[in-house]
Amino acid sequence: MDKAKGNSGKAGGPGFFDLLIILFCTAGTFFCLYLFYNDFTRTLSKQAESPVGTISYKYRAAQRRFEDRVLWDRLQQDSPVYNGDFVRTSGLSEATVSFSGGVAVDIAENSLIQITSENTVPRVEVNQGGIDIKAQDSMILIVSKGRRIEVSGGSVISARSGPGDQVDLMVIQGAAAIMNGQEITHAGPGEAFAVGENTLEATPRLIALRPYPNELILSPDSQGCPVDFLFSTSGSSLILTLEISSSRSFSQVQTLRVENSQARAVLRPGIWWWRAYPADDPQGG
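In terms of our numbering, the sequence shown opens at residue 861 and continues consecutively.
None of these hints come from the bench; they were simulated from the model. All of these numbers come straight from a predicted model, not from anything done at the bench. From the three backbone atoms N, C-alpha and C, an ideal C-beta is built for every residue, glycine too. Treat the hints loosely; a few may be bogus.
What follows is a list of derived Cβ distance ranges for each label pair [to be verified]: (1) G1006 to R934: 14 to 20 Å; (2) Y1072 to L952: 17 to 23 Å; (3) Q1083 to Q996: 30 to 36 Å; (4) G1006 to L1076: 32 to 38 Å; (5) N970 to I882: 46 to 52 Å; (6) S977 to L883: 19 to 25 Å; (7) K918 to L883: 39 to 45 Å; (8) Q996 to L1076: 30 to 36 Å; (9) Y1137 to D997: 49 to 55 Å; (10) Q1112 to A921: 27 to 33 Å.
Using the sequences plus the hints, can you model the full thing?
In structure tokens:
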């Protein structure tokens, strides 16, 4: 009778050996999950090479590929970038590459660039999409579709890969030198150019001088923060429509009429998106 009770008690619960197996399997599961997470979010580095800059992303994530590899690496915040690296962004994804010397390159969504260095000067080749450059004390080179653009220190430039072989360049602040074959054209603030394979044409553009293009507005003041807008309209007295929204989709907008290329808006606390277009453009170009 006593022996029967002992057997039934042993069968009623796991033994010490069974508990060891359960703990071992559980630990192995968590270890595999840890390895998977590290592999998914890893940032590859080059041990024998110094980075030329760092990358951080604003929305979603950017991807980086070494020049001598075919696999794309999912980047973490403040990841290093090296000479020859390719960086790409997808839809609704934006990133910033920061170089030494205070040069920052904002990469627009759906863009592909390659980062190199030319005699210690940062060089960005735009293969697709566009970039916005803020150069403080150092110059930077832009190459797109065979065209070369030298951006001076203290400049703010916007460059977009246009249709065909065209490159659209806008100078918001400072200066840039456009190399088109043997010719050099100097561009100043408020000027825009369409650079083709063998052509260079000044184009009338609506250029935002303040705030900078694609720049979000952060209003911290509970009483409302005044924000001044200033545009270049190629010397014409163009009337503009300015839309300001607290959502990226512009589902609800505050609309202002802009005359004489400037306007002021008082914004309540929050993050604000904005866009401007000619008042006679019903599509909001």
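Evaluated hints:
The beta-carbon spacing between G1006 and R934, approximately 31 Å, falls outside the hinted interval of 14 to 20 Å. Distance hint check: the CB atoms of Y1072 and L952 are about 20 Å apart, consistent with the given range 17 to 23 Å. The hinted window of 30 to 36 Å between Q1083 and Q996 holds, with their beta carbons roughly 32 Å apart. Between G1006 and L1076, the C-beta spacing of about 33 Å keeps the proposed range 32 to 38 Å intact.
Judged by the Cβ atoms, the range 46 to 52 Å given for N970 and I882 holds: they are separated by roughly 49 Å. For S977 paired with L883, a C-beta distance near 52 Å fails the hint of 19 to 25 Å. At roughly 43 Å, the beta-carbon separation of K918 and L883 lies within the given 39 to 45 Å, and the hint holds. For Q996 paired with L1076, a C-beta distance near 20 Å fails the hint of 30 to 36 Å.
For the hinted restraint 49 to 55 Å between Y1137 and D997, the CB-CB distance of approximately 34 Å leaves it violated. Taking 27 to 33 Å as the suggested C-beta distance range, the pair Q1112 and A921 conforms, at roughly 28 Å.
Taken one by one, the earlier hints fail for this structure at numbers 1, 6, 8, 9, listed in ascending order.
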